[in-house]
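Work out the full structure: start from the sequences and follow the hints.
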Amino acid sequence: MASSSSSSKTGLKKMLTLKSSDGDEFELEESIVIQCQTIKHMVEDGFSLIPLQNVDTKTLTKIIEYMKKHAEKTESNKEEIKNFNKEFVKGSFDDQFELVSAANYLHINGLMDLLCQSIADRINNKSVRAVREIFNISNDYTPDEEEKVRDEHKWAHEGGEFDESLD
Amino acid sequence: MGINQEENLIDILSRLPVKSLLRFNCVYESWKKLISEPYFKKKYLNHAKNQLNEMYGEIPLPQIMCLLPISKIGRDVDASVSVLKGMLCVYYNNKKSFNLWGQIIFRVKYSTWFFAHATPPTFLPSSIYLLDFH
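Sequences listed follow chains A and B, in order. Every letter in the first sequence is one number past the one before it in the numbering used here, and letter 28, counting from 1, is 16. Every letter in the second sequence is one number past the one before it in the numbering used here, and letter 33, counting from 1, is 38.
Source of the hints: derived by calculation from the structure; they are not laboratory data. Note that the structure is a prediction, hence the values are computed from the model and not measured. Please note that a few of the clues may not be correct.
[What the hints assert, rightly or not] Each computed DSS-like pair below joins lysine-lysine, with the alpha-carbon atoms no more than 27 Å apart: (1) A:61 to A:46; (2) B:46 to A:142; (3) B:38 to A:78; (4) A:70 to B:48; (5) A:7 to A:57; (6) B:38 to A:136; (7) B:37 to A:142; (8) A:136 to B:46; (9) B:48 to B:37; (10) A:28 to A:56; (11) A:78 to A:50; (12) B:47 to A:142; (13) A:74 to B:48.
The structure is reproduced here in structure tokens:
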């Protein structure tokens, strides 16, 4: 028999357990989880219980939902995936930020793209003040400094009202 | 880890159109610094390229794009500028494309430029330069 470094083909689906920072465990098929580069590498190193200290249960649940859906991706359900993605990015900014941090940590590139583009689209037309609130940043410019920075690219502040809402 | 971790922030901000990006210079001093970093510009350009790819699919991209300081575009340079998904694109010495692009192309004026929301062009010029936004 030709030897292979891959695991034996028993026909059984190999299962993995992900453990959130809250201690909750989720059992998933390996084929779903390896979309995530960080976990893929751990699987290659022989781990089957994977502790994710930077990802809480709420965030991990969402991430698993994403990975499960995207594991079903074929040529014929593109529209379905698109609609799923659309719904997926509808949460609050804080939730989306949590997901970005987790997606970055887990190296799920498709999810990173989806989230960052969606956040960029959502803040695109926001006012400076709204963006500060959304990102939880306190203004570190003095009024004079801010005026100066504004004057450097005046045209960027012109052209109608900017959105002050925080959602 | 938070969203303000630089890496994540760069990934979000580098997808913004030029106009919003420059407006957000005012948000926070460290954002302004971040936006002016060479690394950020490189990332920005990559996203711009991806956007072009999405728009034009399999059509080969024009020759390498580069960030071009606006100061380099002199009063008399025969160049055109237009807006492509919020990106500023300059076309050099290309009368033909100037005509074909019609109303969405504008003559570059010294140290200033026009900005308009336009529909994407239906053909690609031989070269595209993205304006540096500083």
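Which numbered hints are broken by the structure, listed smallest first? Of the numbered hints given earlier, the structure breaks just one, which is hint 3.
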